[in-house]
Amino acid sequence: MRILLVEDDRALHAALLALLVQSGYAVDGVHDGASAEALLRAESFDLVILDLNLPQMDGLDVLRAMRARQRKAGGGAAVMILTARGSSADRVRGLDLGADDYLAKPFDVREFEARVRSLLRRQAGLRASTVSLGVLALDLTTRQFSAHGSALDIPPRERALLELLVMRAGKVVAKEAIVQSLTSLDDILSDNAIEQYISRLRRRIAPFELELRTIRGIGYLLDKGVEAI
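To convert, note that position 105 of the sequence shown is 104 in numbering that gives the first Met the number 0; the numbers rise steadily by one, no gaps.
In short, the hints are calculated from the structure, not lab data. Just so it is clear, the structure is predicted and the values come from calculations on it, not from any experiment. Even glycine gets a Cβ: it sits at the ideal position worked out from N, Cα and C. Watch out, some of these pointers could steer you wrong.
As the list claims (entries may be wrong) - Simulated pairs of lysine-lysine, BS3-like, Cα-Cα distance not exceeding 30 Å:
1) K174 to K223
2) K71 to K223
3) K71 to K170
Stated by the list, open to error - Ranges of calculated distance between the beta carbons of each label pair, as one might list FRET restraints:
4) K170 to R121: 17 to 25 Å
5) E110 to G216: 21 to 29 Å
6) G169 to A88: 44 to 52 Å
7) G216 to A88: 26 to 34 Å
8) D152 to A37: 36 to 44 Å
9) R68 to L94: 17 to 25 Å
10) T213 to P155: 43 to 51 Å
11) D186 to D152: 18 to 26 Å
12) T141 to A13: 41 to 49 Å
13) L151 to E110: 24 to 32 Å
14) G133 to D95: 38 to 46 Å
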């Protein structure tokens, strides 16, 4: 899952960025509204965490422009407003402009993390807190995998890739979608690196009767009980 963090408080920005990256998300961060607007025009995100009191361009103007483009193109990222403007009028205005959630500063980090997970579940069209594929289960609250009731220890990048494949089980996931979901602008994920992660995941899930297939020239497909082609 890819997140854009827009926050002009440098200390808070650094703390939230570190927290999100540690949780396994691909995160891009900017400190002003104009940079956020430019990035939103050029890139796709699953979630935008947006401060309102921004230099160069107000956060509500960023939100307004973003939703206007999405009304024409369809789709679009979820938006969490994160701001010191805590009045009900500000909340109503932000939600009316298309925000999905509103968290006033100061806030509890655990609540912030829970709201991020909730928005990303909603963005993926998932209502349940657990996604299962055969004996493999993904807890969407903790973002941890288990099999036969036992937790699996999977490195962050491989876990993020397996999460993407499980949430789109039965569908082909293009390499471009993998790069988009797993990397920020500062990351480089080559075809060779993707193939290495896929190879490792195949070994990990081999005991669980799951098939991770390469669809030549397109991407990868994860499914249960499907023979290789």
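Taking the hints in turn, this is what the structure says about them:
1. K174 to K223: It holds: about 21 Å lies between the C-alpha atoms, which stays within 30 Å.
2. K71 to K223: Measuring from Cα to Cα gives roughly 37 Å; hence the hint is violated.
3. K71 to K170: holds (26 Å)
4. K170 to R121: 17 to 25 Å: holds (19 Å)
5. E110 to G216: 21 to 29 Å: violated (44 Å)
6. G169 to A88: 44 to 52 Å: holds (46 Å)
7. G216 to A88: 26 to 34 Å: violated (53 Å)
8. D152 to A37: 36 to 44 Å: Given a distance of about 40 Å, which is inside 36 to 44 Å, the answer is holds.
9. R68 to L94: 17 to 25 Å: holds (19 Å)
10. T213 to P155: 43 to 51 Å: violated (23 Å)
11. D186 to D152: 18 to 26 Å: holds (23 Å)
12. T141 to A13: 41 to 49 Å: Taking Cβ atoms as reference, T141 and A13 lie about 24 Å apart, which means the hint is violated.
13. L151 to E110: 24 to 32 Å: holds (27 Å)
14. G133 to D95: 38 to 46 Å: holds (44 Å)
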